[in-house]
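Asker: Each chain, letter by letter, is given below.
Number of protein chains: 2
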Amino acid sequence: MDNVIEKKDRIVISVDAMGGDHGVSVIVDGLQKASLRHQNLEFLIHGNKNHILEHLEKKPKLHAISTIVNCRTTIEMEEKPSVAIRNGKDSSMWSALAELSNGKANIAVSCGNTGALMAMAMLQLRKAPGINRPAIAVLWPARNSRGFNIVLDAGADIKADADDLLQYALMGVAYARDGFDIQKPKVGLLNVGTEIHKGRNELHEASLNIAANQQSNGFEFVGYLEGSDIPSGKADVIVTDGFTGNVALKTGEGTASLIRELLKESLSQSIASRLGAILSISSLKQLNKKIDPRNVNGGIFLGLNGIVIKSHGGADAIGVAAAINLAHQLEILGFSRKLTSKFNRYS
Amino acid sequence: MDNVIEKKDRIVISVDAMGGDHGVSVIVDGLQKASLRHQNLEFLIHGNKNHILEHLEKKPKLHAISTIVNCRTTIEMEEKPSVAIRNGKDSSMWSALAELSNGKANIAVSCGNTGALMAMAMLQLRKAPGINRPAIAVLWPARNSRGFNIVLDAGADIKADADDLLQYALMGVAYARDGFDIQKPKVGLLNVGTEIHKGRNELHEASLNIAANQQSNGFEFVGYLEGSDIPSGKADVIVTDGFTGNVALKTGEGTASLIRELLKESLSQSIASRLGAILSISSLKQLNKKIDPRNVNGGIFLGLNGIVIKSHGGADAIGVAAAINLAHQLEILGFSRKLTSKFNRYS
Chain A
0 MDNVIEKKDR IVISVDAMGG DHGVSVIVDG LQKASLRHQN LEFLIHGNKN
50 HILEHLEKKP KLHAISTIVN CRTTIEMEEK PSVAIRNGKD SSMWSALAEL
100 SNGKANIAVS CGNTGALMAM AMLQLRKAPG INRPAIAVLW PARNSRGFNI
150 VLDAGADIKA DADDLLQYAL MGVAYARDGF DIQKPKVGLL NVGTEIHKGR
200 NELHEASLNI AANQQSNGFE FVGYLEGSDI PSGKADVIVT DGFTGNVALK
250 TGEGTASLIR ELLKESLSQS IASRLGAILS ISSLKQLNKK IDPRNVNGGI
300 FLGLNGIVIK SHGGADAIGV AAAINLAHQL EILGFSRKLT SKFNRYS
Chain B
0 MDNVIEKKDR IVISVDAMGG DHGVSVIVDG LQKASLRHQN LEFLIHGNKN
50 HILEHLEKKP KLHAISTIVN CRTTIEMEEK PSVAIRNGKD SSMWSALAEL
100 SNGKANIAVS CGNTGALMAM AMLQLRKAPG INRPAIAVLW PARNSRGFNI
150 VLDAGADIKA DADDLLQYAL MGVAYARDGF DIQKPKVGLL NVGTEIHKGR
200 NELHEASLNI AANQQSNGFE FVGYLEGSDI PSGKADVIVT DGFTGNVALK
250 TGEGTASLIR ELLKESLSQS IASRLGAILS ISSLKQLNKK IDPRNVNGGI
300 FLGLNGIVIK SHGGADAIGV AAAINLAHQL EILGFSRKLT SKFNRYS
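Protein sequences appear in the order of chains A and B.
Counted from 1, the first sequence has number 226 at position 227 by the numbering used here; the numbering is strictly sequential.
Counted from 1, the second sequence has number 341 at position 342 by the numbering used here; the numbering is strictly sequential.
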């Protein structure tokens, strides 16, 4: 019943329009796509007013549900987080987070510099009670009916000790349950082998701690997983430190794009294979959708007092729309409210 | 001229026949495949004599170039390296390495437990002069004319400091040059971003050390790479610690096999796509060959006084043959002799 009422309510998303690799137009196109799908969205769009207006004026319906917040500067992709915090208070990124922090928006979305976004989010939203290191959770294409698994940390921090890994497990479980309705999530810990003696000391300690928490927190710990298990049905939530998670994520993306390119080349090699490709086109398109990282775009920052979604820097309109769709779903399910109360329970 | 003479010489490969997931028959089938391709191979096959004979007797030509070394025990895949060393002196793995160590074989190959194999190899062959941590180098399918890049460490050790990473770079360069004739290898260091401030401290230190060695050692350091760059043309040699390398490798394999399965499913979905798949079959087979990890099977242990090739535990006959082919190529190029002299120069 809750959901029905909430669906009527408006959901305000605070969007950093300047962050992506492809400029404002792609962001506006993405907002347009998402707004056609969901009736109750409103946008606070942060960035250079003239640039945003130029694209927004062509889309009167989107324009009508959007408010532009003019910002003088943009955080560059290469900017160090410490520098961004010091000099970036008049940036679109800072402004997008400020509207979340002051309660005018439900969720913030940015395609910008991940490190700067996390640093600014920690400063403005503060860590949730009981959380030491916030984490970035990503949705990873997987071989299950849902089509994805949750992996964290995908790069919020370059290290994690045993306690951090336990917190990641608990945050991942909350995300799986309250964001995607997975009632008893299976949790795995990423390692170099599944045997109990494998890997680093902090992993041994973390595995004991996570196992000890499974009953009281309503999840199942499936033990160590290897990289090849990430897209499998063995776990719903895969826990790792941010260095390993980031490398794994990008390695998976690189492998998928290598195969996509090789497939395209192979199918254009001969007349027979070109004809074959035409006959298979709808199946191949479906496949492409399943393995296209744009469709599961949206890393989420967990462990803060508020939900920030980091869209891929290179996201196109489909990718931006996917991030907005994720934001919408999380609000519909009341995820941020539930998550905050969960953290309070853990602490 | 050197190569011509060596081609006439026999190359003796010491094979642990008991290690793989699929038993002796797959190993013998792999040796058969490789022996049909190369005329100058001889095998020392270590394991249960009756099991080996059972399969070898069906292949008289292979039998004629093989000597069986009967071994009473097998190292299990889950065995801890420390236990394997203590109790495994009468195992096929130990025996295969002993024949390399005593000079009766040119190269040793095993599909068995990686940790045990490395521990035994270190004990029997000893580290090469100047080497602190040996590494496992793997060939990674890549988008270049060669079809692969070299990645190390893929899991010999779970940690590496800045000095170790420099040694990995130098070993990788020697492998690229003397094993694959890449005259001026490009070397990259795996990190979570390409910006100079990204990642852990040991990576910052290692990047300075590697850069300082590029001129004197005839390679080009291209700086930090991300996971998505591993299959790219940006580098020939990608350096990382064994934990990260192992997770990345298995993540890449998992992604590739997910996509292969989804592709197969997609193409059998409708009559049109099934017909399309038939028309495209030769192109798809070619693609499969390019992305099939079996065709680049064979991790090599670098940094020891002798060359050990670790074949994938799950390798089938094609995979085993690929590992033997790699061993053959390395001997033809005189890799192990050159490599040992290289290490002496570094030390």
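These are computed hints drawn from the structure, not numbers from a lab.
All figures in this text were calculated on a predicted structure; none of them were measured in a lab.
Every residue gets a Cβ at the ideal spot worked out from N, C-alpha and C, and that includes glycine.
Don't take each hint at face value.
Stated by the list, open to error - Just the calculated beta-carbon pair ranges, DEER-fashion: (1) Arg125(A) x Gly129(B): 46 to 52 Å; (2) Glu264(A) x Leu274(B): 20 to 26 Å; (3) Lys48(A) x Ile195(B): 43 to 49 Å; (4) Lys88(A) x Asn208(B): 17 to 23 Å; (5) Ile270(B) x Glu264(A): 54 to 60 Å; (6) Glu194(A) x Gly222(B): 48 to 54 Å; (7) Lys337(A) x Gly313(B): 24 to 30 Å; (8) Ser144(A) x Glu219(B): 22 to 28 Å.
To be verified - When the alpha-carbon atoms are kept at most 27 Å apart in a straight line, the in silico DSS-like pairs for lysine-lysine are as follows: (9) Lys288(B) x Lys284(A); (10) Lys263(A) x Lys233(A); (11) Lys233(A) x Lys126(B); (12) Lys288(A) x Lys288(B); (13) Lys88(B) x Lys197(A); (14) Lys158(B) x Lys284(A); (15) Lys197(B) x Lys263(A); (16) Lys263(B) x Lys197(A); (17) Lys88(B) x Lys158(A); (18) Lys263(B) x Lys263(A); (19) Lys79(A) x Lys284(B); (20) Lys79(A) x Lys233(B); (21) Lys288(A) x Lys263(B); (22) Lys284(B) x Lys126(A); (23) Lys263(B) x Lys284(A); (24) Lys197(B) x Lys233(A); (25) Lys197(A) x Lys126(B); (26) Lys158(B) x Lys158(A); (27) Lys197(A) x Lys79(B); (28) Lys88(A) x Lys103(A); (29) Lys197(B) x Lys88(A).
Asker: Now tell me if each hint is right for this structure.
Answerer: Now for the hints, and whether the structure bears them out:
no.: 1; hint: Arg125(A) x Gly129(B): 46 to 52 Å; result: holds (51 Å)
no.: 2; hint: Glu264(A) x Leu274(B): 20 to 26 Å; result: holds (21 Å)
no.: 3; hint: Lys48(A) x Ile195(B): 43 to 49 Å; result: violated (34 Å)
no.: 4; hint: Lys88(A) x Asn208(B): 17 to 23 Å; result: violated (38 Å)
no.: 5; hint: Ile270(B) x Glu264(A): 54 to 60 Å; result: violated (26 Å)
no.: 6; hint: Glu194(A) x Gly222(B): 48 to 54 Å; result: violated (35 Å)
no.: 7; hint: Lys337(A) x Gly313(B): 24 to 30 Å; result: violated (42 Å)
no.: 8; hint: Ser144(A) x Glu219(B): 22 to 28 Å; result: violated (47 Å)
no.: 9; hint: Lys288(B) x Lys284(A); result: holds (22 Å)
no.: 10; hint: Lys263(A) x Lys233(A); result: violated (31 Å)
no.: 11; hint: Lys233(A) x Lys126(B); result: violated (39 Å)
no.: 12; hint: Lys288(A) x Lys288(B); result: holds (24 Å)
no.: 13; hint: Lys88(B) x Lys197(A); result: holds (23 Å)
no.: 14; hint: Lys158(B) x Lys284(A); result: violated (42 Å)
no.: 15; hint: Lys197(B) x Lys263(A); result: violated (34 Å)
no.: 16; hint: Lys263(B) x Lys197(A); result: violated (34 Å)
no.: 17; hint: Lys88(B) x Lys158(A); result: violated (39 Å)
no.: 18; hint: Lys263(B) x Lys263(A); result: holds (15 Å)
no.: 19; hint: Lys79(A) x Lys284(B); result: violated (46 Å)
no.: 20; hint: Lys79(A) x Lys233(B); result: holds (24 Å)
no.: 21; hint: Lys288(A) x Lys263(B); result: holds (15 Å)
no.: 22; hint: Lys284(B) x Lys126(A); result: violated (51 Å)
no.: 23; hint: Lys263(B) x Lys284(A); result: holds (13 Å)
no.: 24; hint: Lys197(B) x Lys233(A); result: violated (32 Å)
no.: 25; hint: Lys197(A) x Lys126(B); result: holds (23 Å)
no.: 26; hint: Lys158(B) x Lys158(A); result: holds (13 Å)
no.: 27; hint: Lys197(A) x Lys79(B); result: holds (9 Å)
no.: 28; hint: Lys88(A) x Lys103(A); result: holds (18 Å)
no.: 29; hint: Lys197(B) x Lys88(A); result: holds (22 Å)
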